[in-house]
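Trainee: Residue numbers (the working numbering), protein chains in the order written: chain A, 2 to 360; chain B, 12 to 715; chain C, 2 to 99.
Careful: at least some of the hints might be erroneous.
No more than 20 Å apart at the CA atoms, straight line, and that leaves these computed lysine to aspartate or glutamate pairs for DMTMM-like [unchecked claim]:
id : chain 1 : residue 1 : chain 2 : residue 2
1  : B       : Lys75     : B       : Asp104
2  : C       : Lys26     : B       : Glu449
3  : A       : Lys229    : B       : Glu57
4  : A       : Lys229    : A       : Asp87
5  : C       : Lys26     : B       : Asp508
6  : C       : Lys26     : B       : Asp106
7  : C       : Lys26     : B       : Glu57
8  : A       : Lys229    : C       : Glu65
9  : C       : Lys26     : C       : Glu63
10 : C       : Lys26     : C       : Glu65
11 : A       : Lys229    : A       : Asp19
12 : A       : Lys229    : A       : Asp5
13 : A       : Lys229    : B       : Glu449
14 : A       : Lys229    : C       : Asp5
15 : A       : Lys229    : C       : Glu63
16 : A       : Lys229    : B       : Asp455
17 : A       : Lys229    : A       : Glu60
Just so you know, the hints here were simulated from the structure itself, not pulled from any lab data.
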Amino acid sequence: MPADLALDALRTSAALGDASHVACVRVAGAGAFATIDRLCPRELFLRDGQLLHTLLLREDGRPLADVYVCADDRAFLLLAEGLSGDALVEHVRATAPVGADVEITNVSRTHAVLSLDGPYAWEVFAELAGPEVIGQPYMTFFHDDAVTTFRVGKTGEYGYYFLVPGEDADDYRAALRDRGSAFDLATANLDALDQCALENWFFNIRREGREDLTPIELQLQWRVSYRKEYVGSSALAALRGRTTHRIVQCAGATELAAGDLVTYGERTIGRVINAGFSQCRGDWVGVALLESAYSHAGIAAYAAVHAEVPVAIRTLTAPAVNNRSLYVNPQLHSYLTRDEVQFPPLVLPGSSCASPTAR
Amino acid sequence: MSPHPSTIVATGLGAVSAVGHGCAALWSALAAGRDGLAPVRRFSTEGLPHGLAGLVPGYDGPDKITPERRHRGMSIAFALEATREAWLQAGLDRDGPRPERIALVLGASVGDDLWEPTPLEDITRAVADALGILGPRITVSTACTSSTNAIGVALDLLASGTAEVVIAGGTDVLTPETFAGFSRLGVLSVAKCAPFSEPFGTTLAEGAGFLVLESRASATRRSATPLAEVLGYGLSGDAFHETSPDPGGAGVVSAIEGALANAGVTPDQIGYVNAHGTGTAANDPAEWRAILRVFGPRGETLPVSSTKSVIGHAQGAAGVLEVIATILAMQEGCVPQTLHFTRPRARGPSDPIAQAVPRALTYSHAVCTSSAFGGANAAVVIARPGTATTANRQRREVFVRGVGAVGPHGRTLDDLWRVLVAGRPVQSTAVAPFRIEELLPTADPRRLDPSSRFLTASAALALADARIALRAQDCDRAGLVVGATQVSPESDQAFCDSIERHGLAQLSASAFARMVRNAPGGMCSKLLALKGPNSTLDTGHGSGLVAIAYAAELLSTHDRADLIVAGGFDELSEGDAEHRRGEGAACAVLATERTDDAIRVAGWGLAGPGQFADAVTRAATRAGIDERAIDGWFGTLPAPADRPRIDPAIVLGDAIASSAAVAFVAAVLALRRGEVRTALVGTANGISTTCAILLTTTEHGDGR
Amino acid sequence: MDADLATIVAAREQVLERLRATLIKQLRLERAPDELDPDMPLFGSGLGLDSLDAVEIAVSLEIEFGIHIAEGGASPVHLRTLNTLATLILDGGAVRAR
């Protein structure tokens with residue numbers, strides 16, 4: 002089944018994806034910094050060529066978009082999920098200081114975003130772009146001719162976005178596919194990428210982002226600051242210290258789904274807000290919103306009510322996967338000699354809820 | 012074509028290293044394939060997973076240090092030995108210029124003691140006094156590039172006529188704190204270091220190395236034999252991280268290309284590269300990438316080796332010792348080898364000269380590279396005697412585009428001027444607290460100690476005053492040269508506290524990273540993305556002004572930077588207030604591009620201790636200005652009896668490194684206001700280096 | 002909440018609290034403890050700590066919690082979040098009584 006291959010490749014080699022759900026906008030001009038500063042909930046401690054992972058918030062403090070802010074030589078690039086390019090342009094324009102000299106361009110109109118993820122994604126990319134790229138630090142980007150490469154990733158593995166002129170996208174994809182054949186490069190659809198994001202505790206604007214939850218409930222306080230003003234800052238300040246629930250990662254041996262209530266004995270303590278079957282773990286992984294007192298890792302006392310049947314679940318110390326990418330060292334390793342190395346298992350012993358025979 | 016008379020040659024070499032005393036011992040070890048790396052006996056490495064080092068024989072026993080004396084004096088002892096050997100080989104004992112025409116440039120990373128860091132200037136002074144050197148005495152402290160950079164400074168001193176002979180090199184001792192710091196950072200190897208191979212990690216060492224450098228004409232006059240030509244050097248900054256190098260090797264590329272350009276040599280002429288090659292996981296691949304970028308396809312098979320496999324990583328003495336090893340091998344018609352090489356890494360030189368003994372090779376030019384904490388990189392080009400035929404140095408004009416100062420006066424230039432003109436000493440010489448983000452919104456304040464904060468703030472203010480916002484493509488050609496005389500007292504305290512509280516094995520790694528003199532320079536260059544020439548000098552009082560003069564020299568005669576931020580900084584420690592010590596920082600933005608309101612840096616001159624008349628004359632000669640035209644005096648150089656002089660130290664407290672830089676700022680302000688037309692800024696240092704800089708408005712200085 | 006669960010939760014909350022205080026102090030973080038979410042990534046994204054911070058954390062673990070990290074640096078899997086550190090501490094690892 003293609004889905005199996007993609008999930009397997011994302012965790013053991015590399016997979017190519019179509020990141021058309023990612024919008025790209027460029028903000029330039031003398032007022033660019035002031036505009037981005039107003040939008041961005043984090044301090045803009047960014048050097049040229051670096052990215053920051055943050056959110057765009059609504060006035061009520063809830064996430065509007067999942068955003069990378071990129072410092073591009075006095076201008077800024079925004080890579081966003083959750084808003085279309087046009088909507089993002091409008092949002093930026095509406096937030097820019099009055100009279101600001103700022104030029105906002107919807108780059109998505111002319112460019113495509115491709116993704117490449119996996120423990121050997123760097124090697125596939127190096128085959129195409131040369132060994133220079135191997136040293137590129139995480140959360141940086143660079144331009145090379147017309148293509149901009151961002152080292153990012155929401156799967157817990159090495160990952161890249163490529164911003165490619167629309168007319169060249171097919172060729173670029175074909176070139177990567179061609180170089181990738183020696184690396185068992187697969188093609189991943191958004192579901193596969195979302196599943197990996199779920200397993201690796203990456204916030205998904207299209208799933209948990211649609212539950213009207215606050216950054217505090219979502220454990221995303223690292224993406225915001227209480228020390229500056231921006232769209233949503235006052236709402237966030239008001240929410241601070243008043244949060245009653247928090248999300249936690251969980252797993253179960255049988256199916257879990259968004260909406261399943263989570264119980265502790267007779268008491269309902271929360272609900273599942275996102276879940277999916279983990280191919281590498283052999284069990285079901287989910288994100289549950291629980292009352293804060295109960296929302297802790299390493300607890301095996303809860304149940305999720307799925308199709309009216311309570312099934313035991315366990316809360317996890319996120320993330321749920323012992324990613325191969327933690328151990329693959331581009332200076333030392335290669336996909337082609339992977340069998341010569343003894344890597345730790347993808348799933349730590351005792352972590353999965355799957356019964357030994359189920360896998 | 013006959014050799015050019017102004018080509019700089021080395022006429023004397025001196026070395027003290029892990030394989031013994033003297034250059035003969037160094038060559039003998041290389042020839043025999045013997046390394047000097049062994050289990051440490053001199054101090055305890057208990058609690059650390061590492062225990063190998065390259066200590067100097069005769070100094071490696073446990074009886075060599077005591078709790079009271081520790082390593083005091085050892086770096087001076089090493090330096091004295093190595094300088095003497097070079098001095099004698101160059102025949103300076105029988106025939107040499109007068110002492111004022113001989114200069115000393117000494118590189119040192121830590122010196123003797125991290126626990127109670129003593130002024131590095133003391134080491135340089137001790138060596139200069141012992142040799143009777145009365146020309147400029149300059150300490151370069153850029154961690155592991157110190158001695159390579161020192162050689163470069165010597166080239167500039169000779170080319171500018173500031174000295175006829177320069178002794179240049181470096182010295183460093185391996186202290187338990189340094190060992191523990193590197194061990195804790197995870198960069199030491201459990202085995203003898205194996206550059207470009209495995210296991211990853213380096214082996215620390217110590218020692219001293221010095222070259223006697225002079226022009227070919229001078230050597231001929233003195234009947235001294237040229238042993239090698241030193242053709243040029245380059246400097247850069249990674250602007251990346253406190254301890255890790257830029258993985259893409261861009262900084263090393265810049266340093267090597269700068270050296271080639273300064274030497275007037277093309278990459279194709281280089282037959283051998285003596286790499287920094289520490290053997291760590293981070294350095295070797297980045298350096299290899301840099302070599303490929305500079306040399307292209309030829310780089311794949313270019314012989315590259317690392318002498319650290321023989322003598323270990325001698326820190327501040329590493330660069331010069333590796334240059335000496337290269338020269339010794341060149342004399343024997345071979346290249347030094349890389350020892351302990353077993354399996355090649357996935358990415359590395361295909362020819363690391365991995366063999367037991369040096370390899371016979373015919374070549375005329377070599378490059379020696381160094382990299383350091385704080386992201387500093389340096390490279391030097393060496394050639395066989397008689398190779399170079401041209402020495403064409405174009406001189407560019409230098410202008411001051413902006414200035415900035417942070418101090419007890421505050422942060423604005425108006426406040427500074429007001430306070431200086433009023434002339435009343437300030438009540439408190441401390442800098443009022445401020446957050447760096449106020450001046451530089453993109454600067455993460457974490458891990459900034461006060462020294463870094465003052466320096467970065469004044470540099471940012473100077474750039475703002477210059478109305479310069481660097482574009483990405485400008486950063487490679489924008490540098491930073493800094494005068495510093497101490498380690499940040501706050502960082503030093505944090506470092507010592509961590510050791511006192513928990514022992515060496517659990518010291519604070521981030522505090523350790525701030526224990527090199529160039530840490531603030533590294534942090535400032537990172538926050539401002541200044542990737543051009545990067546250097547930190549120590550000449551005691553007035554270091555900041557000497558840094559400005561060095562920056563002017565670099566801009567004028569090297570083609571690798573269009574802009575350099577230069578200045579000095581100081582930080583108070585407890586007890587300083589009662590001595591009216593000052594703190595703060597002052598920087599100037601120097602550039603080769605002239606603008607209407609720019610101030611011209613018309614001339615600059617360095618001279619030996621107390622020789623301020625010479626310094627002024629040199630500056631005036633370079634400027635083509637009559638000394639009698641000077642109508643403004645700033646700093647500590649004496650002014651004519653009835654003329655006013657602005658000395659910031661009187662008002663703001665004696666900030667050793669930065670007062671002179673503040674004087675420079677004051678001079679610029681005076682010129683801008685039309686109060687003076689020709690300003691002399693000077694520092695009358697009686698111990699190391701006197702410096703004079705002449706500034707004029709751009710209309711005034713025209714038509715010489 | 003029954004006594005057993007309360008004990009587990011209290012133990013974890015206590016370790017997390019100590020970890021937050023230690024990290025804020027050792028790494029000079031300009032964050033209040035309540036801003037450090039338990040499952041927030043420490044390295045790469047999240048708090049964005051680097052290799053120098055990793056060394057400081059390893060030292061803090063040794064000093065504050067008696068956890069000795071293996072030679073060559075802390076295992077990457079333990080350093081991912083405050084919770085992974087807490088799990089390591091709560092699981093005992095190589096904890097020495099302090």
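Trainee: Each hint needs a verdict: does it hold in this structure or not?
Mentor: Hint-by-hint comparison with the structure:
1. Lys75/B to Asp104/B: violated, 31 Å
2. Lys26/C to Glu449/B: With Cα atoms ~23 Å apart, Lys26/C and Glu449/B exceed 20 Å; violated.
3. Lys229/A to Glu57/B: violated, 47 Å
4. Lys229/A to Asp87/A: Violated, at about 27 Å.
5. Lys26/C to Asp508/B: holds, 14 Å
6. Lys26/C to Asp106/B: violated, 61 Å
7. Lys26/C to Glu57/B: violated, 27 Å
8. Lys229/A to Glu65/C: Not satisfied, since the Cα-Cα distance of roughly 33 Å exceeds 20 Å.
9. Lys26/C to Glu63/C: holds, 15 Å
10. Lys26/C to Glu65/C: holds, 12 Å
11. Lys229/A to Asp19/A: Outside the cut-off at roughly 35 Å; violated.
12. Lys229/A to Asp5/A: violated, 45 Å
13. Lys229/A to Glu449/B: holds, 13 Å
14. Lys229/A to Asp5/C: violated, 42 Å
15. Lys229/A to Glu63/C: Given that 20 Å is the threshold and the Cα spacing comes to 35 Å, the pair is violated.
16. Lys229/A to Asp455/B: holds, 14 Å
17. Lys229/A to Glu60/A: holds, 15 Å
Figure legend: structure checked against the earlier numbered hints; hints not met, in rising order: 1, 2, 3, 4, 6, 7, 8, 11, 12, 14 and 15.
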